[in-house]
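> Given the sequences, and given the hints that come with them, work out the whole structure.
Number of protein chains: 2
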Amino acid sequence: MTLEEPAPGSVRPGGRTARIRAAVLRTAGDLLAERGFATLDLAEIAAAAGVGKTTVYRRWGTPAGLVADLLDDMAEQSLPRTDTGSLRGDLTANARLVAKTLTDRRQSRLFAAVIAAATGDPVTSAALRRFYDVRLTEWAPCVEDAIARGEAPAGTDPRAVLSAVSAPLYYRLLASGDPIDEAAADTAARAALDAVAAGTFVTRQAADA
Amino acid sequence: MTLEEPAPGSVRPGGRTARIRAAVLRTAGDLLAERGFATLDLAEIAAAAGVGKTTVYRRWGTPAGLVADLLDDMAEQSLPRTDTGSLRGDLTANARLVAKTLTDRRQSRLFAAVIAAATGDPVTSAALRRFYDVRLTEWAPCVEDAIARGEAPAGTDPRAVLSAVSAPLYYRLLASGDPIDEAAADTAARAALDAVAAGTFVTRQAADA
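Quick mapping for you: the protein sequence lines, in order, are chains A and B.
Each residue of the first sequence is one higher than the last, beginning at 1 in my numbering.
Each residue of the second sequence is one higher than the last, beginning at 1 in my numbering.
To be clear, the hints were calculated from the coordinates, so they are not data collected in a lab.
The hints are all genuine.
Stretch by stretch, here's where chain B covers chain A in the computed footprint (C-beta under 8 angstroms, at least three residues):
1. 125-132
2. 153-164
3. 169-182
4. 190-197
Bear in mind the structure is a predicted one, so any value in this text is a computation, not a measurement.
Just so you know, even glycine gets a beta-carbon here, dropped at the ideal spot from N, CA and C.
Here you go:
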């Protein structure tokens, strides 16, 4: 039985479509993590996912279209922000979550593959920007709450703070190759907090107000 | 006349080999920047560089081998560190240099292409690590001099400081897509300085001593 032939009575509205999408995205993610973007093939994914080739071509069109949908799905599935009650706690939790993702065997290869794909393809690139936009926006309340609690200067830019936490870990993954561990995560969070405390992430508009 | 047939009398020891290498690496860099790593083809590079195909295959073997040599050449060619007399000045100069590289049309595409290639190829990955190692080591005296001048705490890790300056700019290029400009460069330098001042980049060994 394939995913396109569910057991009688098991089909609810959207169920079959959602199951097909989940199977295809899971397979695409596995293959991206395993072999990267260059050899991604829709017919192979369809066969491995147990879905008709025509369905996959009609719905996703190209490997880049499929990777874009995978990124949108990752953004939808992403965990809500942590709320520990302090900016230090929240940023440390964020840094450790990023470090965990970038050291997980499947996830780290998947991220490296989609980032690599985005460098050469505008559809993937736009989807990657959307993904980081969702993540950065989702965690912004950490900084907004810290401002409200008086832990961060008014006008501190949440996006700059959260980018500062993630950036050193991505730099290790993609550029220097230095190890990504809890110490690296905690240093990234502490360095971001130091810059917050110094007012370095206060936007010019706020500083001028 | 091809590069392999220099004008009589113009050949000095190493001259012909060096000219061939320069032409091949320049062409490889152009094609990488233009189309990325996936379609890099040694025969096409040889033809475009005016060098015999056999020479290119014998010397570089594979596209990954050629990209590795390009990265080694980029490391050799890289400019020495700036010495402005202050850590703030040096790190700002470093950040602006990185921002300039990552916004230059050819250079930004070239870096994105080799970083993308490194995610899927161990030879390229090792060469990329060597490249960043050279850059980070070359700029380390900024931090060592700052420690000697009392501008940074003893035990501050130069590699951590310089990675912190570059990382937010690479994160913009490869992940968030946020603009890379002088303001972003200056904020990256300031944030790194804030963390230096707070002692966040002091290594544990130094802190324990």
